[in-house]
Structures are given as structure tokens and as C-alpha cells.
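Chemist: If you're matching them up, the sequences are chains A and B in order. Under numbering that gives the first Met the number 0, the residue at position 29 of the first sequence is numbered 28, and the numbers go up by one with no gaps. Under numbering that gives the first Met the number 0, the residue at position 106 of the second sequence is numbered 105, and the numbers go up by one with no gaps.
A couple of the hints might just be wrong.
Any copy will do: because identical chains look the same in the list, a pair fits if it lies in one copy or spans two.
[As the list claims (entries may be wrong)] DSSO-like mimics (lysine-lysine), calculated; alpha carbons at most 27 Å apart, straight line:
| id | residue 1 | residue 2 |
| --- | --- | --- |
| 1 | K163 | K92 |
| 2 | K135 | K166 |
| 3 | K166 | K39 |
| 4 | K166 | K92 |
Read the hints as simulated data drawn from the structure, not as lab findings.
Number of protein chains: 2
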Amino acid sequence: MIFFMSSETNGLILVFTGNGKGKTTAALGMALRAWGQGMKVLMIQFIKGGWKYGELKAAEQLGPGFEMRQMGEGFVKDVAGEGLETHLVTAQKALAEARRDVGGAGYDMIILDEINYAVHYELVELADVLELIRSKPPGLHLVLTGRNAAPEVMELADLVTEMKEIKYPYASGVKARKGIEY
Amino acid sequence: MIFFMSSETNGLILVFTGNGKGKTTAALGMALRAWGQGMKVLMIQFIKGGWKYGELKAAEQLGPGFEMRQMGEGFVKDVAGEGLETHLVTAQKALAEARRDVGGAGYDMIILDEINYAVHYELVELADVLELIRSKPPGLHLVLTGRNAAPEVMELADLVTEMKEIKYPYASGVKARKGIEY
Chain A
0 MIFFMSSETN GLILVFTGNG KGKTTAALGM ALRAWGQGMK VLMIQFIKGG
50 WKYGELKAAE QLGPGFEMRQ MGEGFVKDVA GEGLETHLVT AQKALAEARR
100 DVGGAGYDMI ILDEINYAVH YELVELADVL ELIRSKPPGL HLVLTGRNAA
150 PEVMELADLV TEMKEIKYPY ASGVKARKGI EY
Chain B
0 MIFFMSSETN GLILVFTGNG KGKTTAALGM ALRAWGQGMK VLMIQFIKGG
50 WKYGELKAAE QLGPGFEMRQ MGEGFVKDVA GEGLETHLVT AQKALAEARR
100 DVGGAGYDMI ILDEINYAVH YELVELADVL ELIRSKPPGL HLVLTGRNAA
150 PEVMELADLV TEMKEIKYPY ASGVKARKGI EY
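Model the full assembly from the supplied sequences, consistent with the hints where possible.
Modeler: Take a look at the structure:
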């Protein structure tokens with residue numbers, strides 16, 4: 000934690016939203032950059048099954064300063080229908096852990112992965128997320144990813160980037176690639 | 000290189016463009032994911048001074064499988080005017096190295112950071128970049144970042160995401176943050 004001492008007391012609130020690839024990927028890059036600075040990073044999963052082998056293996060190798068916390072393994076296809084209950088449990092569990100860790104002092108950066116999507120599908124309440132953001136200690140960097148970010152969340156953010164899909168390989172029948180998609 | 004053996008012979012061509020934050024950051028995340036898969040990653044810098052302490056320190060700690068190659072240190076403010084010559088030398092050197100390494104077999108993923116921007120400012124010729132992309136060995140993943148990606152480059156790509164600036168902190172006077180910007 001050599002670089003933890005910092006004159007910068009204001010952590011940023013960053014939002015990566017939009018329908019294109021690169022939201023979680025940019026959060027991973029941001030985590031890597033922070034980790035390189037000696038910061039302690041936590042990434043919490045709000046939608047089950049979104050993380051794949053590549054990033055989990057990387058986090059494991061980066062050690063305790065780079066923690067990716069899954070709320071359950073396996074992929075659940077639909078938020079609607081039979082998958083709903085599983086997704087609700089996952090998102091609520093993620094919210095509870097986010098509350099605890101955002102409120103604590105153990106991390107320099109916390110990434111709430113797919114939280115915007117979870118709000119959009121009413122797996123967590125917008126009011127709870129706004130409260131979570133407002134409760135952020137000054138020094139903590141908070142990153143919120145997922146499509147359909149609520150205007151109220153973007154309003155609280157310092158930086159918002161929309162990842163917009165211009166071209167997507169799967170539309171033309173290219174299958175998922177190791178190291179790219181997982 | 001445990002995971003180098005792969006049945007997937009088609010590497011992808013990915014483009015991250017647009018005026019928002021997250022292009023190089025997403026490339027970094029992609030590099031981390033690939034590295035986690037045991038792939039060998041090279042990131043080449045086309046615009047001098049774009050990389051900062053956080054990512055360079057991280058790459059250093061990740062070892063030889065994650066190589067970030069700078070073409071010169073220090074920041075050059077303007078592409079126009081007195082900075083032009085320095086930028087031209089940097090970009091041309093980067094192009095030469097990219098040609099060699101894209102043509103070689105040493106890497107599973109090569110990231111040409113800010114190459115789109117370099118083309119836009121005519122630091123490298125579009126025709127050279129198109130030739131470079133077309134010369135890619137089938138198994139290599141090629142990532143091209145930078146705003147103002149040429150339509151011809153996007154045409155050759157499998158995936159294109161536009162990072163669109165919705166809100167940017169520096170506009171409201173927030174200064175660069177350790178672990179976020181550098």
C-alpha cells in the first residue's frame with residue numbers, strides 16, 4: 000500500500016453505460032490502473048454469470064489487492080421469467096455487500112459491475128443505489144457499469160461514458176473468443 | 000503459456016473509438032483478460048505521453064506476458080505546431096514496430112493504442128494501417144484505439160464500440176486523479 004497515501008481526498012464517481020462492448024472491460028482496465036498505483040480494488044458482481052475465466056484468473060494472479068467478488072456461479076439467461084428469482088437474490092446480495100464495503104475503509108476503488116442494468120430491471124431499487132452513492136467516503140473511487148444507467152445516477156456521477164455499439168461480431172456469426180469475451 | 004493452445008484460429012479485429020473516456024482503458028481491460036487466459040499481449044503506443052504511471056507499473060508487475068511498449072517518454076501537448084515532428088517520429092516508429100510484431104508470431108493480442116488518432120492527424124498513412132490490418136495472422140487479436148477511427152478501418156473490424164462522452168469531470172474543474180487518469 001505504498002501509494003495509498005495521497006493528497007487527493009476526492010474519489011470520483013464514474014459511470015460506464017450504453018449498449019456497446021467495453022463497459023466491464025473498461026472497469027477492468029481502470030481496476031488494473033488503480034492496482035498498478037498500489038490501490039486496493041474490489042469488483043462486485045450484480046448480474047450473475049457475467050464474468051468469465053480470463054478476468055477471474057487474472058484477478059486471482061494479481062493477489063489480494065484486486066478482488067473480484069462473484070455472487071454465484073453459472074449463467075442465468077433471462078432476467079424475466081424463471082431466471083428472475085435467481086437474479087433478484089444475486090443483486091440483493093451484491094447490494095448488501097456493496098453497502099458494507101462502500102461504508103468501510105478497506106478499498107480505494109469499488110466497481111459495482113452491471114448495477115445500472117440491475118436497477119433497470121428492478122432487481123435493486125434506484126433509491127437504494129442513490130443512497131449508496133451518496134454514502135461514499137470522500138476518498139473512494141466508485142465505478143458503476145451496465146447499460147441503461149438511470150438519469151439520477153448519471154446526475155451524481157463525475158464522469159459518464161456511453162459505450163455505443165457500432166459493429167458487433169456476433170451479429171455476423173462470429174463465435175465468442177477466448178481472451179476477448181471470456 | 001498453458002492456455003495458448005486453442006481451437007479458435009480466428010483472432011478478432013476490435014476498434015475502440017469516440018470522444019469519451021474508456022478507449023485505452025477498455026484495451027487495458029481486454030489485455031488483462033487475455034493475460035488471465037495465458038495469452039501474450041503487446042500494447043504499442045502511437046501517441047507520445049498517453050500512458051501513465053498506473054498502467055505502466057501494472058504491466059511491469061504482470062511480467063513478460065504483458066508488454067507495454069512506449070515510443071518515448073514525456074508529454075507532447077500539440078500535434079500541430081512544434082509538437083508535430085516529435086509525434087511523427089513516434090508514430091512512424093510505432094508503425095514500424097507494429098509491422099514487425101503483427102507479422103511475427105510472438106503475441107496473441109496486439110493493441111495499437113491511439114493509432115486511429117495518429118491516422119486522423121496524418122502521423123501515419125491510412126493505407127499503411129489498412130495494409131497492417133490485412134496482414135494480420137489469423138490467430139492474432141488486433142485492437143485499435145483512438146478517436147476519429149477511419150471508416151475504412153471500421154469496415155475491416157469485427158467489433159467497433161464508440162465511447163461517447165456524456166459527462167466529463169475536467170469540464171467542471173476536477174483535477175486528474177491517481178489510479179483513474181494515471
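Chemist: Look at each hint and say if it fits the structure.
Modeler: Each hint tested on the structure:
With identical chains, the CA atoms of K163 and K92 are never at most 27 Å apart, being 29 Å at best within one copy and 31 Å at best between copies. For the identical chains of this complex, K135 and K166 are inter-copy neighbours only, at 20 Å across copies versus 36 Å inside a copy, given an alpha-carbon limit of 27 Å. Taking identical chains as interchangeable, the C-alpha atoms of K166 and K39 lie at most 27 Å apart only when they sit on different chains, with a minimum of 26 Å there against 35 Å within one chain. Taking the shortest Cα distances, K166 and K92 never come within 27 Å of each other, neither inside one copy (34 Å) nor across copies (30 Å).
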